[in-house]
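J.: Heads up: the sequence shown begins at 1 in UniProt numbering, then just goes up one per residue.
Note that these hints are calculated values from the structure, not bench results.
Mixed in with the good hints, there may be bad ones.
When the alpha-carbon atoms are kept at most 25 Å apart in a straight line, the in silico SDA-like pairs for lysine to any residue are as follows [said to hold, decoys possible]:
id, residue 1, residue 2
1, 255, 243
2, 255, 183
3, 255, 184
4, 255, 301
5, 255, 297
6, 255, 242
7, 255, 173
8, 255, 241
9, 255, 190
10, 255, 174
11, 255, 239
12, 255, 218
13, 255, 125
14, 255, 175
15, 255, 191
Label pairs and their in silico Cβ distance ranges [claimed, not checked]:
id, residue 1, residue 2, range
16, 103, 333, 44 to 50 Å
17, 105, 265, 17 to 23 Å
18, 199, 280, 33 to 39 Å
19, 181, 111, 39 to 45 Å
20, 333, 313, 39 to 45 Å
21, 313, 127, 43 to 49 Å
22, 333, 65, 49 to 55 Å
Glycine included, C-beta positions come from ideal geometry on N, C-alpha and C.
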Amino acid sequence: MHDRSNGTRATTAAARSSRGTHPNAGASSAAPTAARPSRGGRAATAEVAGIRITSARRVIDAASGIRKLDLVRYYERIAPWLLPQLRDRPVSLVRAPQGVGGETFFQRHIGRVPFPGVTQHEGLDPGHPPLLTIDTLEALIVVAQMDAIELHTWNAHATDIERPDRVVFDLDPDPELGWDRMIEAALLTRATLADLGLESFCKTSGGKGLHVVVPLTPEVGWDDAKAFSRALAHHLAASRPTQFSATAGAEHRRKKVFIDYLRNARGASTAVAYGVRARPGMGVSVPLTWGEVPQTTGGAQWTLANIDARLADCGDADPWAGYGRVRQRLSAALTARLESDAGDAAP
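Using the sequences and the hints given, assemble the complete structure.
T.: This is the structure we're talking about:
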């Protein structure tokens, strides 16, 4: 892969060939290495994948006792699965220098001090510093060392920034809603998409809900992708008004699932598959087969404490097998059909 850390834009074959989720797809050539903690207390250092990890023993989540080194080691182990989800996609970092529960920083740009190994892309966000991509194991470990717990990716690749290749529906439930209603909402979303001829995939959010992801052939622009996602959300809210809300705000989703389509705007992002969340317990966003969805128990069912068991159960089987082979397109006709069905329900 070409070095793009000097801020130039470069299209690479590696970036375009590793968009699947199979653990062998786009895996780093560097084999995982055992972290070597030094002697000492809370501020002990360690080395992971050749990167020095400071404050390795510091507890970053009081609820689970997870240490900074545990997070970094997880990102090293999961890299063969995670890097294909990250590579060539602009990423935003949720940094938590004080750990879960402390002040967090949502960072879309590096700023004055570049992170070693992290690729910078000039000109993709006019008027702002370069956008970032995490394309290598080194970059992944570096951002974890810099206290980045969460990684959020755009719906497009840096090398084709104006044409999204997916839309995402974030199903966010009223906290008092039973999880069975969340499962039903996800399955209804899938069925509605299928009626439109669109295949979809599901993952836990690592937080409260589920994400439904629709892969696309990158053809339409951001406005068209957002218009479609908005139309689908309002269609569901109009046809199932006791189950769905398409309007943000706790008062609008009481005893309902808010179907958040706003993540499909240019510059918006979604927690990456296999990424960790900066919340008590440190949930992980985990891809699922649709057959597994009815057996789920919560959006943070898998955490840093039990994710290895989930990965062992999957073995080499990719829950999102076939994702990279999907070829489907949005059209004005699909959006118009949804808007017609929703009638005047959309504000």
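J.: Take the hints in turn and mark each one as holding or not.
T.: To see whether the hints hold, each was checked on the structure:
{"no.": "1", "hint": "255 <-> 243", "verdict": "holds, 7 Å"}
{"no.": "2", "hint": "255 <-> 183", "verdict": "holds, 14 Å"}
{"no.": "3", "hint": "255 <-> 184", "verdict": "holds, 13 Å"}
{"no.": "4", "hint": "255 <-> 301", "verdict": "holds, 21 Å"}
{"no.": "5", "hint": "255 <-> 297", "verdict": "holds, 18 Å"}
{"no.": "6", "hint": "255 <-> 242", "verdict": "holds, 8 Å"}
{"no.": "7", "hint": "255 <-> 173", "verdict": "holds, 8 Å"}
{"no.": "8", "hint": "255 <-> 241", "verdict": "holds, 11 Å"}
{"no.": "9", "hint": "255 <-> 190", "verdict": "holds, 21 Å"}
{"no.": "10", "hint": "255 <-> 174", "verdict": "holds, 6 Å"}
{"no.": "11", "hint": "255 <-> 239", "verdict": "holds, 16 Å"}
{"no.": "12", "hint": "255 <-> 218", "verdict": "violated, 36 Å"}
{"no.": "13", "hint": "255 <-> 125", "verdict": "violated, 38 Å"}
{"no.": "14", "hint": "255 <-> 175", "verdict": "holds, 8 Å"}
{"no.": "15", "hint": "255 <-> 191", "verdict": "holds, 21 Å"}
{"no.": "16", "hint": "103 <-> 333: 44 to 50 Å", "verdict": "holds, 47 Å"}
{"no.": "17", "hint": "105 <-> 265: 17 to 23 Å", "verdict": "holds, 21 Å"}
{"no.": "18", "hint": "199 <-> 280: 33 to 39 Å", "verdict": "holds, 35 Å"}
{"no.": "19", "hint": "181 <-> 111: 39 to 45 Å", "verdict": "holds, 42 Å"}
{"no.": "20", "hint": "333 <-> 313: 39 to 45 Å", "verdict": "holds, 41 Å"}
{"no.": "21", "hint": "313 <-> 127: 43 to 49 Å", "verdict": "holds, 47 Å"}
{"no.": "22", "hint": "333 <-> 65: 49 to 55 Å", "verdict": "holds, 53 Å"}
Comparing the model with each numbered hint stated earlier shows that hints 12, 13 do not hold.
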